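Q: Here is what each chain is made of, one letter per residue.
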Amino acid sequence: MTDVTAAAPSRRPSLGRPGIGRWAKEQYPLYILLVLLVIAGFSSDAFFTSRNLTNLVLQTSVIGIVTLAQFLIVLTGGIDISVGSVVGLSGVLAAGLFSGSSVVLAIVVAVLVGALIGTLNGYLVAFRGLEPFIVTLGMLALARGFVYAYTEGSPVRPEAENFRSIATATIAGFPVIGVIWLGLAVAIAFLARGTVFGRRIYAVGSSKDAAHASGVPVKATLVAVYAMAGVMVGFAGFLLASRVGAGTPTAGNLYELDSIAAVVIGGAALAGGKGRVFGAVVGTLIFAVITNLLVLLNVSTFLQDAFRGGLILLAVVLTTFRFSRGRDQSRR
Amino acid sequence: MSQALNEHPRGAVPAFALRGVGKSYPGVTALADIDLEAFPGEVLAICGANGAGKSTMAKMIAGQERPSTGRVEIAGHPAAIVTPADAETAGVLLMHQEPLVIEDFTVEENVWLRRISSAGSNRPWRRLRRGGDPRTRQALDAVGLTDVAPDTLARELGPGPRQMLALSRTQVNEHRVLLLDETTASTTEEHFRDVLDLVDRERAAGVCVVFVSHRMDEVFAMADRIAVMRSGRLVEVLRTADTTPGAVIDLMIGESVAALEPLTLPVRPDEKPLLEVDDLAAGSARDVTFRVGPGEVVGIYGLVGSGRSSVARSIAGHQPRRGGRVQVHGRDVHARSPRAALRAGLAYLTEDRRREGFVPAFTNGENMTLSTLPAFASRGVLRAGAERRRVQQLIAEFQVKGGPRTLTRTLSGGNQQKVILAKWLEAAPEVLILDEPTKGIDVGARANIYEIVRALAAQGRGVLVVTSEAEEALVLCNRVLIMRDGRLVDEFLPATSTTDDLIRAALGGDTA
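If you read the protein sequences in the order shown, they are chains A and B.
So the first sequence is residues 4 to 335, counted in my numbering.
So the second sequence is residues 1179 to 1690, counted in my numbering.
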């Protein structure tokens, strides 16, 4: 047991905020990011230019939003490997249905597609008791199959001329798409830590049995999380199509792996019940920076994947150090 | 404990010996200073009430628990037994209360399970392909599973046959000590005969059989000697021929008169009952009818497998019920989930604290408010200040060690239980159902918990306590109902009864 303040009868430790020191001890991902930024700054003059940084934000925002969705699902102890396919499907449908004549309609289509698939995933996981991995694996193939069937392999060009405007607009030089990502991150962070719903997500993720026994509506919470994640992924699909200017059939490929890796590097436990939005955002940025840097340094595309893979392993190994030095070693 | 009682007429080398063995966990002494020997070709029964330390002792002999003091010796194996592997090489075979059967393996693979994993074989995989080995058939026949095909999946067997399947391993694993830990708790009369035959054959083959039980009929049918335990101590070792079931029960109970004052709260029989249960059937329980009035603490006392938990769990929405009626405040309640039960004013403190009691990743504060979160929120947004203030009150009120930010799972069992109690009382239930409220909890915290329960009753709420400890039932309750074989069979008032009465009633009248 932790008996830190045995002598003091006051409830000092209880009142305490976590304290900056303790917080700092748990920010491995942030340190990795900072080290990467320093390396980037020294190894490439092009890195800290406003053009490159804008580019970085543009490239990161879509996967960043997908990662936020993945974060919520991982928090429940689940996993969603269909996110990449859903990005693809919602993108091509947004650009293709109604001939892509209206941006508003395109957003509605993308969000509805995501919500539908997410709700179906959630229903199968919560009410049919199926493994999230298998459910979303099926959905991965299904959605990607629809994408290819709909596009017959070639990009879908929307009619609306302002289709790209969201992705290209800036506010005071900062890309709007990046503002959307960070705004969503703040909103999800509030949802997770500041609401009844968020508290229940953590409870369900840590122990479904205990949550159920405590009167938490476990199934409803699960379905709501998958549906919300679907909405975000669908919207991300629209943003990607908007950025590219077309719904491409391969859009979102491997987003599931990148988003899971970013969530885990950000300190969330795949077993559920543990993790912070801040970590997931930092995890996303780590990936973005290293990818960007490797491109600037002209590293071959094939080696880039190896670098990213090595980074995932390194980051995960680092988190184990944090665990073993933690205060409580009784259970993982 | 006296040396004379341990002596064996044949004067042989003991098959195993415990020398000054003790076992303590933080805050609890499970076993103290046990000296016991058992000999080849004899059947030794270990008897004791719930929590007397019987199972701990069996596990110790099998190397599954390490003794805190003293040592365990097995004949022909001079080194002290410390690990399960030690015990296995020394020839000790332990049959658990819950049969260790792998459901997705065939019956045959289950028979040979230990041999698969034994390091002795240099080609262990061959064991898996033992299709048609005649010894499998013999092993199954020997335990009465004559109509079970070796290639059946184990999951298709019922609890009784599963237990017998586990026992069939005695036929293929060499051993000189066989430990049966309440093996017959879930077997039927029919298999009971098979167990008897098996034990007889083992005895004839010179094996030392030790079986843990609180059922007097089987103890007297099988055992040569009876070791009686009470509160972690070995009280007496008797020769079966020289004693009677009544005498053994007396020893099991001892003179442990309630140390705490029994409850004499004014029961208010005139008032309408808070909880009315009629003809409830769930799990192994049936025809269960009782009332809990305002301010009343009602106990249900019974042995393992008597159906006592099924009653509590089905009322609280944790387990489906087959029939009957439950009313709270005169309103019908058929809770299909704990959430529904909670809405109807029923809270259930689980027996399985680690799995269902609290969320492991949560702090004390988060666990305390989990069931009543909307009360600390407006439109779904948590009011952090309100929650924190309430949690601090609760921590002080329930004397929980560690602050609001301590992880509940790092606390001792007693403090965890206080956190869970705080959570349920925060939900202000009409009736609080407590399932083994002080299981694995040290004496100090136990008194705390009793106080909390009494205070709740004094506020006019109803409390139902399900317990396997007679003393607890008498100390805590206004009335104690006795459950046996799925039915309520008797009722006692603490003022006019003893633990002795309760245990006898729960064991069954014929043994008295």
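It is worth saying that the hints were derived from the structure and are not from the lab.
Given the structure is predicted, the values throughout are model-derived calculations rather than measurements.
For glycine and all other residues, C-beta sits at the position ideal for the given N, C-alpha and C.
Check each hint, because a few of them may be wrong.
As the list claims (entries may be wrong) - Over the 10 Å line for every Cβ pair with chain A, so calculated as not near, a few chain B residues: (1) Gly1219; (2) Glu1534; (3) Ser1549.
To be verified - As a list, the in silico DSS-like pairs of lysine-lysine whose alpha-carbon atoms are at most 27 Å apart: (4) Lys1237(B) - Lys277(A); (5) Lys28(A) - Lys1579(B); (6) Lys28(A) - Lys222(A); (7) Lys222(A) - Lys277(A); (8) Lys1617(B) - Lys1579(B); (9) Lys1579(B) - Lys1237(B).
Unchecked claim - A few chain B residues that don't get close to chain A, going by computed Cβ distances all over 12 Å: (10) Arg1417; (11) Phe1468; (12) Arg1561; (13) Trp1602.
Q: Could you run down the list of hints and mark each one as holding or not?
A: Results for each hint:
With 10 Å as the threshold on Cβ separation, the claim that Gly1219(B) sits away from chain A holds: the shortest Cβ distance comes to roughly 44 Å. A beta-carbon of chain A comes within 10 Å of the beta-carbon of Glu1534(B); the shortest separation is about 4 Å. Distance check for Ser1549(B) against chain A: the nearest CB is about 5 Å away, which does not clear 10 Å, and the non-interface claim fails. With a CA separation close to 36 Å, the supplied pair Lys1237(B) and Lys277(A) exceeds the 27 Å bound.
Taken as a hint, the Lys28(A) and Lys1579(B) pair is honoured in the structure, with Cα atoms around 25 Å apart against an allowance of 27 Å. In summary, the hint linking Lys28(A) to Lys222(A) is not supported, as the alpha carbons are separated by about 35 Å, beyond the 27 Å threshold. Proposed proximity of Lys222(A) and Lys277(A) is supported: the alpha carbons are some 19 Å apart, at most 27 Å. Simply put, Lys1617(B) and Lys1579(B) have alpha-carbon atoms about 19 Å apart, close enough for the 27 Å limit, and the pair holds.
Between Lys1579(B) and Lys1237(B), the direct Cα distance comes to roughly 32 Å. Violation of the 27 Å bound is thereby established for this hinted pair. Non-interface status of Arg1417(B) relative to chain A is upheld: no Cβ of that chain comes within 12 Å, the nearest being about 45 Å off. Every CB of chain A is more than 12 Å from the CB of Phe1468(B) (nearest about 23 Å), matching its label as outside the interface. A beta-carbon of chain A is positioned within 12 Å of the beta-carbon of Arg1561(B); the least distance is around 10 Å.
Taking the minimum C-beta to C-beta distance to chain A, about 9 Å, the non-interface status of Trp1602(B) is violated against the 12 Å cut.
Of the numbered hints listed earlier, those contradicted by the structure are 2, 3, 4, 6, 9, 12, 13.
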